[in-house]
Amino acid sequence: MLPYDPLSKRLGGYLIDAGLLTDSQVEVALNDQKATGMRFGDIIVERGWVKRRTIEYLAQKVIKMEREIGEPLQEGLLQTSFSIRRQRQP
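Remember, the working numbering sits 1011 above the position in the sequence shown when you count from 1.
For the record, the hints were derived by calculation from the structure and aren't laboratory data. As the structure is a computational prediction, the values presented were derived from the model and not from experiment. Note that beta-carbon positions come from the ideal geometry of N, C-alpha and C, so glycine has one too. There could be a bad hint or two in this list.
[To be verified] Straight-line C-alpha distance at most 30 Å; calculated BS3-like pairs for lysine-lysine:
1. Lys1062 / Lys1045
2. Lys1062 / Lys1072
3. Lys1072 / Lys1045
[Claimed, not checked] Derived DEER-like restraints, expressed as beta-carbon distance ranges:
4. Ala1046 / Lys1072: 24 to 32 Å
5. Lys1072 / Arg1050: 15 to 23 Å
6. Arg1063 / Ile1027: 13 to 21 Å
7. Leu1041 / Ala1070: 16 to 24 Å
Please construct the entire structure, taking both the sequences and the accompanying hints into account.
Here it is in structure tokens:
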């Protein structure tokens, strides 16, 4: 088994892990990215799949933390964080 490399995991992978995007949606967004040159996050926001503040939260609270500690956060933490935030949103 290869060691965990937090720098190799991409935004789409985090959003799939959180249950916010499907594999198919990530594939569509990546194809859009190749065709348009737009950033992945901008594409999924424009398509209405994820809110910009969700991406910002993910980047600050999860991705940054994982990259600093060099290992994945405890399993389920990502889903729990987003479940709590979704319940608070009107």
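Which numbered hints are broken by the structure, listed smallest first? Those not satisfied: there are none.
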